[in-house]
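Given the structure of chain A, go ahead and fit chain B onto it with the hints provided.
2 protein chains.
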Amino acid sequence: MDPTVPDLGIDIPEISQIAFVVRDIEDGMDRFGGVLGLGPWEIYRFEPPTLTDTTYRGEPHDYSMILALTFVGETMIELIEPLEGPSIYTEHLDEHGEGLHHVACFAFDDTEAVVREFEEAGMPVLQSGVFGEVPYWYFDTQEQLNGVVFETATNLEAMQEPDRTYPE
Amino acid sequence: MDPTVPDLGIDIPEISQIAFVVRDIEDGMDRFGGVLGLGPWEIYRFEPPTLTDTTYRGEPHDYSMILALTFVGETMIELIEPLEGPSIYTEHLDEHGEGLHHVACFAFDDTEAVVREFEEAGMPVLQSGVFGEVPYWYFDTQEQLNGVVFETATNLEAMQEPDRTYPE
Chain A
0 MDPTVPDLGI DIPEISQIAF VVRDIEDGMD RFGGVLGLGP WEIYRFEPPT LTDTTYRGEP
60 HDYSMILALT FVGETMIELI EPLEGPSIYT EHLDEHGEGL HHVACFAFDD TEAVVREFEE
120 AGMPVLQSGV FGEVPYWYFD TQEQLNGVVF ETATNLEAMQ EPDRTYPE
Chain B
0 MDPTVPDLGI DIPEISQIAF VVRDIEDGMD RFGGVLGLGP WEIYRFEPPT LTDTTYRGEP
60 HDYSMILALT FVGETMIELI EPLEGPSIYT EHLDEHGEGL HHVACFAFDD TEAVVREFEE
120 AGMPVLQSGV FGEVPYWYFD TQEQLNGVVF ETATNLEAMQ EPDRTYPE
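Line by line, the protein sequences are chains A and B.
Each residue of the first sequence is one higher than the one before, starting from 0 at the first, in numbering that gives the first Met the number 0.
Each residue of the second sequence is one higher than the one before, starting from 0 at the first, in numbering that gives the first Met the number 0.
The shape of chain A in the complex, shown without the other chains (with noise of 0.2 angstroms):
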């Protein structure tokens, strides 16, 4: 084992959610729909009010986005269009275009724990927010994770229901 690799001793139950940034969501949706049979979505704009407590690299920001979810068996999957402001989505399409972005577990006992676990290992926070009722946390694990962002959350079954569903 390389003594440089952090080891955190969470065990993650589950990959609860796969999401992948796109220019349009609705594009998203048809293209995702049209060739894997996905849907039907539900849409939330994630932006002021509702969203609050925005940061991007331990700082406060500004930024929001309209999400697409949908399940392929027990994985939710997630479309993500940025509207206002940078964000790592935006980072990611100017990086390389659109694609997979994130995988996420929603399924600690202790949500709180977890997130300071990866602060404490050198993972800090690289962007989080609170939708209504549901934090959540991407860590800046793409150097200890060969490139891959980790998303966390909690208190899911407080989200409210969604803006829209497609097809409607």
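Watch out, some of these pointers could steer you wrong.
As the list claims (entries may be wrong) - Pair by pair, the computed Cβ-Cβ distance ranges are:
(1) A:131 / B:82: 46 to 52 angstroms
(2) A:118 / B:22: 22 to 28 angstroms
(3) A:106 / B:155: 23 to 29 angstroms
(4) A:163 / B:52: 20 to 26 angstroms
(5) A:163 / B:155: 36 to 42 angstroms
(6) A:39 / B:142: 20 to 26 angstroms
(7) B:161 / A:108: 42 to 48 angstroms
(8) A:163 / B:115: 34 to 40 angstroms
(9) B:51 / A:132: 51 to 57 angstroms
(10) B:23 / A:161: 40 to 46 angstroms
(11) A:82 / B:161: 42 to 48 angstroms
(12) B:115 / A:59: 49 to 55 angstroms
(13) A:84 / B:52: 46 to 52 angstroms
What the hints assert, rightly or not - Covered stretches of chain B, as calculated for chain A (at least 3 residues, CB under 8 angstroms):
(14) 8–14
(15) 34–45
(16) 65–76
(17) 91–99
(18) 144–155
Hints listed in this document are in silico derivations from the structure and should not be mistaken for laboratory results.
None of the values given here were measured: they were computed from a predicted structure.
Every residue, glycine too, gets a C-beta built ideally from N, C-alpha and C.
Showing chain B alone in chain A's frame:
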């Protein structure tokens, strides 16, 4: 619905696998194990003579790789280190570095029919091969699926024993 988007009419039952390209398989296992607690890993060398019938962009083509597989819940996690020959993995390392590479479904009722549907819809096989008795196909879906490569395979119950496991 955008009429230029292919409509295959397939119904994807699950995301069977999420795959990451890494430069060094041991490093990848150490990192995903240390940070996210993934493992133990089953390791396979995908190379001749067990690997046969390899193609790349429609032509016979030699390439090889080493894989490490583990499960997180129901989702198979795959790390891929390319060995010999240009491949879609070396392309990814050259263009994007390490990171998320593709998603796969191994649970279609009629996988050969799915392969034909992709080809007829203008998403030809990008890379393929047969490992022992397990054929697999990657499709050229990056234009139609917002940058995402999709894979399928069949007969996974005939997969041979791994070359080794890690930790042993």
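**Report entry** Enumerated hints in conflict with the structure, sorted upward
**Finding:** 4 and 7
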